[in-house]
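Below, each chain spelled out in residue letters.
2 protein chains.
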Amino acid sequence: MQIECLKMTANKPTLYTILSPALLNLYDTHHSVVVIIDVLRATSTIATALYNGAETVMPVDSLEKCIALGKSTGGITAGEREGRVIEGLQHGNSPLEYHREFIKNKTLVLTTTNGTKLLHMALESGAENIVTGAFSNLSAVVGHLISRQQNVILACGAWKDRINIEDTLFAGAVVDRVKGHFQIDCDASSIAHSVYTEAGPDLFSYVKTKHASHYIRLSSYGLEEDIRYCLTPDTANVLPVYSNGKLSVG
Amino acid sequence: MQIECLKMTANKPTLYTILSPALLNLYDTHHSVVVIIDVLRATSTIATALYNGAETVMPVDSLEKCIALGKSTGGITAGEREGRVIEGLQHGNSPLEYHREFIKNKTLVLTTTNGTKLLHMALESGAENIVTGAFSNLSAVVGHLISRQQNVILACGAWKDRINIEDTLFAGAVVDRVKGHFQIDCDASSIAHSVYTEAGPDLFSYVKTKHASHYIRLSSYGLEEDIRYCLTPDTANVLPVYSNGKLSVG
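Residue numbers (the working numbering), protein chains in the order written: chain A, 1 to 250; chain B, 1001 to 1250.
FYI, nobody ran anything at the bench for these hints, they're computed from the structure.
It cannot be assumed that every hint is accurate.
What the hints assert, rightly or not - Partial selection, computed: residues in chain A whose CB lies under 10 Å from chain B:
#1 L19
#2 F102
#3 T168
#4 H193
#5 I216
Since we're looking at a predicted model, the values are computed, not measured.
Glycine included, C-beta positions come from ideal geometry on N, C-alpha and C.
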């Protein structure tokens, strides 16, 4: 049974899931497509801005770089720390801010607590193929991974290295859709898939019932609408691909 | 609803789960009971040896210390690296080796890849209240945590920092039994509980179906019987408590 399984999967690329950025260094990012996941809310916002016509999104890992790049590019500066807008930036990290009338043909310079930091960690670790994923662009991510047939790392942004439910759920959703195409000898992927299976179709209720830490944080700021949007699949179904400091539609 | 929940739990101690030793530094071990979990097989072996009458188990983090302590105490040296017996030691890391006729009144000096190393990490991080847990002694651990009413960290040994299914399942089993007694604002605990819920009562089948990495490793050495034993609750229902370099029945 096991030998058959190994035979069946021997020629398939591998898929690993890291549930916290603190575990990124355990995996070979150089030869993999790395999917950066920060469902609440960085990667949902990135997909939404690009879907609504933003020319590019520039993810940066500090406030200072965000302000400097905003000046040099004429882009909109945006971001959060601890889930709140940072003083000195023009906009926050809510995907609902970036509707078409506002963002079309513009550049968004974005800095966030977890997702944009993880993207820079992946770059520093040697990753060359980076895309971003969230429920907003689930099908685009899945389609890309299946068609590319390269090793994959699903990299969850978590919350200051603490594992979170919503990124784990997204990793589980991807595993659910691509599992026939990859060799997945990775317990974290199985765990993410089990959580996604246990959650069932109503992800918002699951996250609420489980008192997910970031749900509690954001809902205390009145951001339940953001959470509902970020847990809905395929609302902004484009593939953000990273190249030379910029994310643009791949 | 949320406010009610917070009110209900405001006076309860906290419970956190770390799914990999690489995340231990994020939590306050000093003021918590730290449960070291390495289901396959260190903490199952520790519980079994003590249940069968071993005087103490001395967990050490290197082969050299294991041999030296074996000589100075007259204890049985045992351990594994990569799931196999280490050359130079007398015994391996299978709980089935430590039946009563063999281990009664003896000292076991044990070194393993993950569990005993994590115990030493916890000590170095300032932990003062350390116990070990596995399915073999699930009820003893649960009873201790409920009666003690102190903050808890469930610390999974994982596999070289990579999250594994079996330790996550045990954390989930503990959460399932103690959740009414603790404030659990910890996504990793919810994730572990979801995995345990999804697994259902037949943990062996779940671990096998999910191709858990350590299941594959151990079963390739012919150790399926060990795995079945290690996933069975309350076969060796004692509480190993760490003090001054030794684990003994608390």
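Hints, one by one, checked against the model:
| no. | hint | in the structure |
| --- | --- | --- |
| 1 | L19 | holds (6 Å) |
| 2 | F102 | violated (32 Å) |
| 3 | T168 | holds (6 Å) |
| 4 | H193 | holds (8 Å) |
| 5 | I216 | holds (7 Å) |
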